[in-house]
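> Protein chains in written order, with UniProt numbering: chain X, 1 to 250; chain Y, 1 to 250.
Think of the hints as simulated: they come from the structure by calculation, not from any bench. Bear in mind the structure is a predicted one, so any value in this text is a computation, not a measurement. Treat the hints with care, since some could be wrong.
Because identical chains share one entry, a pair is satisfied inside a single copy or across any pair of copies.
Simulated pairs of lysine-lysine, DSS-like, Cα-Cα distance not exceeding 27 angstroms [as the list claims (entries may be wrong)]:
1. LYS67 / LYS133
2. LYS177 / LYS113
3. LYS178 / LYS241
4. LYS177 / LYS41
5. LYS113 / LYS90
6. LYS133 / LYS224
7. LYS227 / LYS241
8. LYS224 / LYS97
9. LYS185 / LYS37
10. LYS241 / LYS41
11. LYS178 / LYS221
12. LYS241 / LYS212
13. LYS241 / LYS177
14. LYS67 / LYS212
15. LYS141 / LYS178
16. LYS221 / LYS67
17. LYS44 / LYS212
18. LYS67 / LYS210
19. LYS113 / LYS133
20. LYS33 / LYS90
21. LYS241 / LYS133
22. LYS160 / LYS224
23. LYS113 / LYS212
Protein chains: 2
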Amino acid sequence: MKNVKLIIEYDGTNFSGWQIQPNARTVQEVIEKSLEKIMKKPVKINGSGRTDAGVHALGQVANFCEKFSIPVEKIPLALNALLPKEISIKNAIEVPKDFHARYNAVGKEYIYKIYNGAIRSPILRNYTYFVPKPLNIEKMKMACDYFVGEHDFKGFMASKSGVVDTIRNIYALQVYKKDEILIIKAIGNGFLYNMVRIIAGTLVDVGIGKIKVEDIPYIIKSGKREKAGHTAPPQGLYLSKVFYQLPIIP
Amino acid sequence: MKNVKLIIEYDGTNFSGWQIQPNARTVQEVIEKSLEKIMKKPVKINGSGRTDAGVHALGQVANFCEKFSIPVEKIPLALNALLPKEISIKNAIEVPKDFHARYNAVGKEYIYKIYNGAIRSPILRNYTYFVPKPLNIEKMKMACDYFVGEHDFKGFMASKSGVVDTIRNIYALQVYKKDEILIIKAIGNGFLYNMVRIIAGTLVDVGIGKIKVEDIPYIIKSGKREKAGHTAPPQGLYLSKVFYQLPIIP
Numbered sequence: 001m002k003n004v005k006l007i008i009e010y011d012g013t014n015f016s017g018w019q020i021q022p023n024a025r026t027v028q029e030v031i032e033k034s035l036e037k038i039m040k041k042p043v044k045i046n047g048s049g050r051t052d053a054g055v056h057a058l059g060q061v062a063n064f065c066e067k068f069s070i071p072v073e074k075i076p077l078a079l080n081a082l083l084p085k086e087i088s089i090k091n092a093i094e095v096p097k098d099f100h101a102r103y104n105a106v107g108k109e110y111i112y113k114i115y116n117g118a119i120r121s122p123i124l125r126n127y128t129y130f131v132p133k134p135l136n137i138e139k140m141k142m143a144c145d146y147f148v149g150e151h152d153f154k155g156f157m158a159s160k161s162g163v164v165d166t167i168r169n170i171y172a173l174q175v176y177k178k179d180e181i182l183i184i185k186a187i188g189n190g191f192l193y194n195m196v197r198i199i200a201g202t203l204v205d206v207g208i209g210k211i212k213v214e215d216i217p218y219i220i221k222s223g224k225r226e227k228a229g230h231t232a233p234p235q236g237l238y239l240s241k242v243f244y245q246l247p248i249i250p
Numbered sequence: 001m002k003n004v005k006l007i008i009e010y011d012g013t014n015f016s017g018w019q020i021q022p023n024a025r026t027v028q029e030v031i032e033k034s035l036e037k038i039m040k041k042p043v044k045i046n047g048s049g050r051t052d053a054g055v056h057a058l059g060q061v062a063n064f065c066e067k068f069s070i071p072v073e074k075i076p077l078a079l080n081a082l083l084p085k086e087i088s089i090k091n092a093i094e095v096p097k098d099f100h101a102r103y104n105a106v107g108k109e110y111i112y113k114i115y116n117g118a119i120r121s122p123i124l125r126n127y128t129y130f131v132p133k134p135l136n137i138e139k140m141k142m143a144c145d146y147f148v149g150e151h152d153f154k155g156f157m158a159s160k161s162g163v164v165d166t167i168r169n170i171y172a173l174q175v176y177k178k179d180e181i182l183i184i185k186a187i188g189n190g191f192l193y194n195m196v197r198i199i200a201g202t203l204v205d206v207g208i209g210k211i212k213v214e215d216i217p218y219i220i221k222s223g224k225r226e227k228a229g230h231t232a233p234p235q236g237l238y239l240s241k242v243f244y245q246l247p248i249i250p
């Protein structure tokens with residue numbers, strides 16, 4: 001019996017998210033079906049967490065336990081030959097028997113990409129959030145600082161989520177420009193449902209002047225979803241890293 | 001009667017190229033249909049040139065002559081509201097009556113993007129050429145110099161093309177890395193059918209060691225398609241600029 005850790009990139013555009021659900025095409029299901037062909041039996045994989053429809057991953061992590069004879073390092077090539085081009089196994093390594101991609105994760109890094117141009121970009125449409133209004137990046141950077149640290153992020157969670165413990169620790173939240181793209185990078189011990197997208201939407205609202213920088217601490221403290229900004233759309237979001245040791249913040 | 005110059009971006013993935021043809025979805029046709037809705041009559045647009053299926057444009061240029069009352073600067077917004085998200089009109093200006101997007105073009109700039117990673121990238125799959133073999137970029141840069149200037153590029157043209165005058169002037173050919181992407185930039189007074197893709201394929205063949213740098217001048221001189229490298233695939237290619245005045249090479 002081997003326990004295998006996979007690092008996975010996917011283009012979430014045409015998937016109903018990561019997690020298996022009836023009557024929907026999901027990343028987990030597509031990978032499990034390909035894995036079944038290699039292993040000649042059904043294999044269940046554990047993802048580090050869900051991603052929503054349209055959300056991408058550069059470094060999603062999953063693991064599976066199975067008895068098999070092919071060398072672990074051959075798994076990416078074997079799986080990629082069967083997977084659609086929207087999914088790619090970037091790496092596979094054998095890990096200790098007790099490793100679990102979700103339970104052992106101690107942090108995650110998300111990237112959120114914004115295209116802040118005057119006119120929409122066809123090339124970037126599925127991979128960025130198009131914001132045509134001018135953004136005050138300095139104010140967005142100032143707003144970031146208020147999110148860092150341990151807070152109750154109840155107000156930054158989709159209201160339909162049933163999670164009770166809403167305290168999370170954000171290790172780093174940065175906004176920076178890379179060519180024509182504005183990038184928000186968020187690293188934390190975990191994120192609530194839609195939390196990164198609501199933080200991104202709130203930062204955009206700060207950028208366009210709809211929310212004041214100095215109001216951010218009160219918005220967080222209020223715990224009220226309606227005080228925070230809008231939920232930025234899924235196509236700008238990328239699960240970029242999952243940490244199994246505490247990350248060192250640059 | 002106004003003559004209007006459009007600058008157009010498109011994602012060529014799901015188009016059978018620029019030019020109208022029967023039983024195929026083309027960029028020109030989709031724009032003409034939207035324009036017809038605004039102008040309440042059929043409008044023919046002149047593109048600066050064709051692009052193949054799967055090829056993208058950041059700065060395709062087209063013009064059309066028509067009598068209409070809406071301000072020219074409102075055309076991008078009006079057209080973009082009707083166009084699919086794969087096409088965007090970036091700019092519209094009124095130009096002199098005798099301007100023609102194809103006949104008046106004096107040069108073009110193409111960009112060719114290569115993803116030179118170990119494992120294929122889902123996010124980049126429709127926007128780059130995936131080359132998993134290591135590339136010697138220094139050798140590719142050296143090869144570029146041999147292409148610059150006026151040459152008979154007969155050997156760098158798809159064999160099915162019927163063009164007789166195969167002499168073209170390449171003003172600049174550069175290879176450089178931008179993050180994880182290798183970019184080939186080609187500026188010239190014009191390019192033969194598939195010429196940029198064959199130059200890109202030849203440069204990749206130099207990069208992987210299949211073609212020697214010092215053989216490039218003889219390959220060009222031979223005028224034989226089979227001496228040059230492979231035709232790089234369409235999805236890495238972007239028509240980035242069309243010049244109506246001679247460009248200044250940086």
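> Determine for every hint whether it applies to the structure shown.
Outcome of the hint check:
For the homomeric pair LYS67 and LYS133, neither the shortest alpha-carbon distance inside one copy (55 angstroms) nor that between copies (32 angstroms) is at most 27 angstroms. For the identical chains of this complex, LYS177 and LYS113 are neighbours both inside a copy (10 angstroms) and across copies (21 angstroms), given an alpha-carbon limit of 27 angstroms. Taking the closest pair of Cα atoms, LYS178 and LYS241 come within 27 angstroms of each other both inside a single copy (19 angstroms) and across two copies (22 angstroms). Within a single copy, LYS177 and LYS41 get their C-alpha atoms no closer than 47 angstroms, and across copies no closer than 44 angstroms, so neither meets the 27 angstroms cut-off.
With identical chains, the CA atoms of LYS113 and LYS90 are at most 27 angstroms apart both within one copy (22 angstroms) and between copies (21 angstroms). Taking the shortest Cα distances, LYS133 and LYS224 sit within 27 angstroms of each other inside one copy (26 angstroms), while across copies they are farther apart (52 angstroms). Taking the closest pair of Cα atoms, LYS227 and LYS241 never come within 27 angstroms of each other, the shortest separation being 29 angstroms inside a single copy and 45 angstroms across copies. For the identical chains of this complex, LYS224 and LYS97 are neighbours neither inside a copy (42 angstroms) nor across copies (59 angstroms), given an alpha-carbon limit of 27 angstroms.
With identical chains, the CA atoms of LYS185 and LYS37 are never at most 27 angstroms apart, being 37 angstroms at best within one copy and 42 angstroms at best between copies. Taking the shortest Cα distances, LYS241 and LYS41 never come within 27 angstroms of each other, neither inside one copy (29 angstroms) nor across copies (53 angstroms). Neither within a single protomer nor between protomers do LYS178 and LYS221 lie at most 27 angstroms apart by alpha-carbon distance, with minima of 32 angstroms and 42 angstroms respectively. Taking identical chains as interchangeable, the C-alpha atoms of LYS241 and LYS212 are never at most 27 angstroms apart, the minima being 31 angstroms within one chain and 40 angstroms between chains.
Proximity of LYS241 to LYS177 under the C-alpha cut-off of 27 angstroms is found in both arrangements, the shortest distances being 20 angstroms within a copy and 24 angstroms between copies. For the identical chains of this complex, LYS67 and LYS212 are neighbours neither inside a copy (56 angstroms) nor across copies (47 angstroms), given an alpha-carbon limit of 27 angstroms. Within a single copy, LYS141 and LYS178 get their C-alpha atoms as close as 15 angstroms, and across copies as close as 25 angstroms, so both meet the 27 angstroms cut-off. Proximity of LYS221 to LYS67 under the C-alpha cut-off of 27 angstroms is found in neither arrangement, the shortest distances being 50 angstroms within a copy and 59 angstroms between copies.
When the C-alpha separation of LYS44 and LYS212 is checked against a cutoff of 27 angstroms, the pair qualifies neither within a copy, at 46 angstroms, nor between copies, at 49 angstroms. Proximity of LYS67 to LYS210 under the C-alpha cut-off of 27 angstroms is found in neither arrangement, the shortest distances being 56 angstroms within a copy and 42 angstroms between copies. In this assembly of identical chains, the alpha carbons of LYS113 and LYS133 lie at most 27 angstroms apart only when taken from the same copy (15 angstroms versus 29 angstroms across copies). For the homomeric pair LYS33 and LYS90, the shortest alpha-carbon distance inside one copy (18 angstroms) is at most 27 angstroms, but the shortest distance between copies (43 angstroms) is not.
Proximity of LYS241 to LYS133 under the C-alpha cut-off of 27 angstroms is restricted to the inter-copy arrangement: shortest distance 25 angstroms between copies versus 30 angstroms within a copy. In this assembly of identical chains, LYS160 and LYS224 lie within 27 angstroms of each other by CA distance solely inside one copy; the values are 13 angstroms within and 65 angstroms between copies. Taking CA atoms no more than 27 angstroms apart as the test, LYS113 paired with LYS212 passes inside one copy only; the shortest distance there is 22 angstroms, against 41 angstroms between copies.
In this structure, the hints that do not hold are numbers 1, 4, 7, 8, 9, 10, 11, 12, 14, 16, 17, 18, in rising order.
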